Amino acid sequence: MTTSQEPRNYPFGEAHRLDIDPTYAELRRTEPVSRVRLPYGGDAWLVTKYDDVKTVFSDPRFSRAAVLGQDVPRAVPMIQERPSILSMDPPEHGRLRKLVAKGFTMRRTEQLRQRAQDIVDGLLDEMEKNGAPADLVEALDMPLPITIICELLGVPYEDRREFRTWSDQALAVTAFTPEKITAASDKLQDYIAGLVARRRESPTDDVLGTLVTARDEGDRLSEEELINFGVTLLVAGHETTANQLGNFMYTLLTNPDRLAELRADPTLVPAAVEELLRITPLGASAGFPRIAIEDVELSGVTIQAGDAVFVGQAGNRDPAVFPEPDRIDFHRENIAHVAFGHGVHHCVGAPLARMELQVAISTLLLRFPELELAVPGDEVPFRKGRLVRGPQELLVRW
Amino acid sequence: MTKWQVRVDREACIGTGMCASSAAAYFRLENGKATAAQDFVEPDELVVDAAESCPMEAILVRDGDGVVIAPEV
Numbered sequence: 001m002t003t004s005q006e007p008r009n010y011p012f013g014e015a016h017r018l019d020i021d022p023t024y025a026e027l028r029r030t031e032p033v034s035r036v037r038l039p040y041g042g043d044a045w046l047v048t049k050y051d052d053v054k055t056v057f058s059d060p061r062f063s064r065a066a067v068l069g070q071d072v073p074r075a076v077p078m079i080q081e082r083p084s085i086l087s088m089d090p091p092e093h094g095r096l097r098k099l100v101a102k103g104f105t106m107r108r109t110e111q112l113r114q115r116a117q118d119i120v121d122g123l124l125d126e127m128e129k130n131g132a133p134a135d136l137v138e139a140l141d142m143p144l145p146i147t148i149i150c151e152l153l154g155v156p157y158e159d160r161r162e163f164r165t166w167s168d169q170a171l172a173v174t175a176f177t178p179e180k181i182t183a184a185s186d187k188l189q190d191y192i193a194g195l196v197a198r199r200r201e202s203p204t205d206d207v208l209g210t211l212v213t214a215r216d217e218g219d220r221l222s223e224e225e226l227i228n229f230g231v232t233l234l235v236a237g238h239e240t241t242a243n244q245l246g247n248f249m250y251t252l253l254t255n256p257d258r259l260a261e262l263r264a265d266p267t268l269v270p271a272a273v274e275e276l277l278r279i280t281p282l283g284a285s286a287g288f289p290r291i292a293i294e295d296v297e298l299s300g301v302t303i304q305a306g307d308a309v310f311v312g313q314a315g316n317r318d319p320a321v322f323p324e325p326d327r328i329d330f331h332r333e334n335i336a337h338v339a340f341g342h343g344v345h346h347c348v349g350a351p352l353a354r355m356e357l358q359v360a361i362s363t364l365l366l367r368f369p370e371l372e373l374a375v376p377g378d379e380v381p382f383r384k385g386r387l388v389r390g391p392q393e394l395l396v397r398w
Numbered sequence: 001m002t003k004w005q006v007r008v009d010r011e012a013c014i015g016t017g018m019c020a021s022s023a024a025a026y027f028r029l030e031n032g033k034a035t036a037a038q039d040f041v042e043p044d045e046l047v048v049d050a051a052e053s054c055p056m057e058a059i060l061v062r063d064g065d066g067v068v069i070a071p072e073v
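Residue numbers (our numbering), protein chains in the order written: chain F, 1 to 398; chain Y, 1 to 73.
Bear in mind the hints are in silico, worked out from the structure with no lab data behind them. The model shown is predicted, which means the values in this text are computed figures rather than measured ones. A virtual CB, placed ideally from N, CA and C, is assigned to each residue, including glycine. Keep in mind that the hints are not guaranteed to be accurate.
Stated by the list, open to error - Simulated coverage check for chain Y against chain F, where a stretch passes if three residues somewhere in it have a Cβ under 8 Å from a Cβ of chain F:
hint, segment
1, 10 to 18
2, 21 to 30
3, 50 to 62
What the hints assert, rightly or not - Chain Y residues, not near chain F, derived (Cβ > 10 Å throughout):
hint, residue
4, 3
5, 4
6, 5
7, 39
8, 40
9, 42
10, 44
11, 67
12, 69
13, 72
Turn these sequences into a full structure, and let the hints guide you.
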């Protein structure tokens, strides 16, 4: 399938703060299934309508596993060789997912709410003691999710400096050299392999321990899958929530009306978290492609078997589903966003992320009624060249 | 073999689409929320896996005697 014009380069450009590139909205109006050209691996499709995004996420005719070891369209020079749960299709995906799914249900996560509250209280005690201005990223955004995921997985919190460095590098797109990115990914593997080896000497009942038992006693996953799963849970368990917490607080602190509304009615916090999930484009780059394994028609366009498809960041801004999509509104009737994906890969940590974000935001607003940015909003530095967006530093005073 | 009963609590469902994607023969999304394609099905591990993987534990599977098979609490 060809179109009359040259494909647009994708990603459209370096992500700027939390702005969404206007090209997404333009394409949704004029060419909702369009050809794009990636820096490596050639051309792909980009879909921008909510319904098409959901189809690409959830229809088994779109494969994640088909990207492995292939020169598929992508933003980084490296070809993905190492399989992870993010690159598995059913039924293999389900075999791994169900090993940990029970530990991340809404019910189990709610049992951790008090623990999250205690962590947040302790971190904010420390922040208050040290006085303003404080960098919210280091004071709260990073340590909260890192503490929680460490406790769940059974990763020593005192190792955080090392695994944070590796994780940051492993999730880079252009911020580091391909060699450095690959080396960081290898170091994370070695690190988790070490923790796994320790569990074989003295078993534990944390998530890593559960996976080791599933491997050694049930042969339910391979050694490689076990290590990769540990790495994925550790990295995805903190990078996303930590950056989103920074992004959400940046958005609230630069939107005084919405901030005042939340302060006046803290029961709006869960709805606010959903709306912030919808409106905040976490991804900074092209994201993960899917490969059509047979011909599929989307919005009247035939995606041919073998074609790569990207979902971009446009689904949550589709006006057909979310009226006035660029407006922040904590009272939306329909808030069925796809920030956590859709279908089998729907984020396993979604209930945990929601709970952490709710606890952190509500406690911050309650405890520091005068909380504000210590620098002008347009001077807040954002990380560059990464897979996900987030403030580098978020200086606040109260 | 007696059939299993499959129920989806649509109040609890948040529409992740996991069940409809992984066990399409047994679940579908209607207005953004999951529903069982049939109330009674031949025993199939896929249905149990879907119930065990639902983050909201919104899927309930019972055997012919009414005993809950999934999710495990």
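Comparing the hints with the structure gives:
Beta-carbon proximity to chain F at under 8 Å applies to 4 residues in the segment 10 to 18 of chain Y; the threshold of 3 is reached and the given coverage holds. Counting residues of the segment 21 to 30 of chain Y whose beta carbon lies closer than 8 Å to any beta carbon of chain F gives 3, which reaches the threshold of three, so the coverage claim holds. Closer than 8 Å: that is the beta-carbon criterion, and the segment 50 to 62 of chain Y has 6 residues meeting it against chain F, so the requirement of 3 holds. No Cβ of chain F approaches the Cβ of residue 3 of chain Y within 10 Å, the least distance being about 22 Å, so the stated non-interface status holds.
Residue 4 of chain Y, annotated as away from the interface, keeps every beta carbon of chain F farther than 10 Å; the closest lies near 18 Å. For residue 5 of chain Y, the requirement that its beta carbon stay farther than 10 Å from each beta carbon of chain F is met, with the minimum near 21 Å. Every CB of chain F is more than 10 Å from the CB of residue 39 of chain Y (nearest about 23 Å), matching its label as outside the interface. No beta-carbon of chain F comes within 10 Å of the beta-carbon of residue 40 of chain Y; the shortest separation is about 23 Å.
The claim that residue 42 of chain Y is not at the interface with chain F holds, since no C-beta of that chain comes within 10 Å of its own (minimum 18 Å). Listed as a non-interface residue, residue 44 of chain Y keeps its Cβ farther than 10 Å from every Cβ of chain F; the least gap is roughly 12 Å. Residue placement check: residue 67 of chain Y keeps its beta carbon more than 10 Å from all beta carbons of chain F (closest about 19 Å). Even its closest Cβ contact with chain F, about 14 Å, leaves residue 69 of chain Y beyond 10 Å, as expected for a residue assigned away from the interface.
Once the 10 Å rule is applied to beta carbons, residue 72 of chain Y is inconsistent with being away from chain F; the minimum gap is 7 Å.
Comparing the model with each earlier hint shows a violation of hint 13 alone; every other hint is respected.
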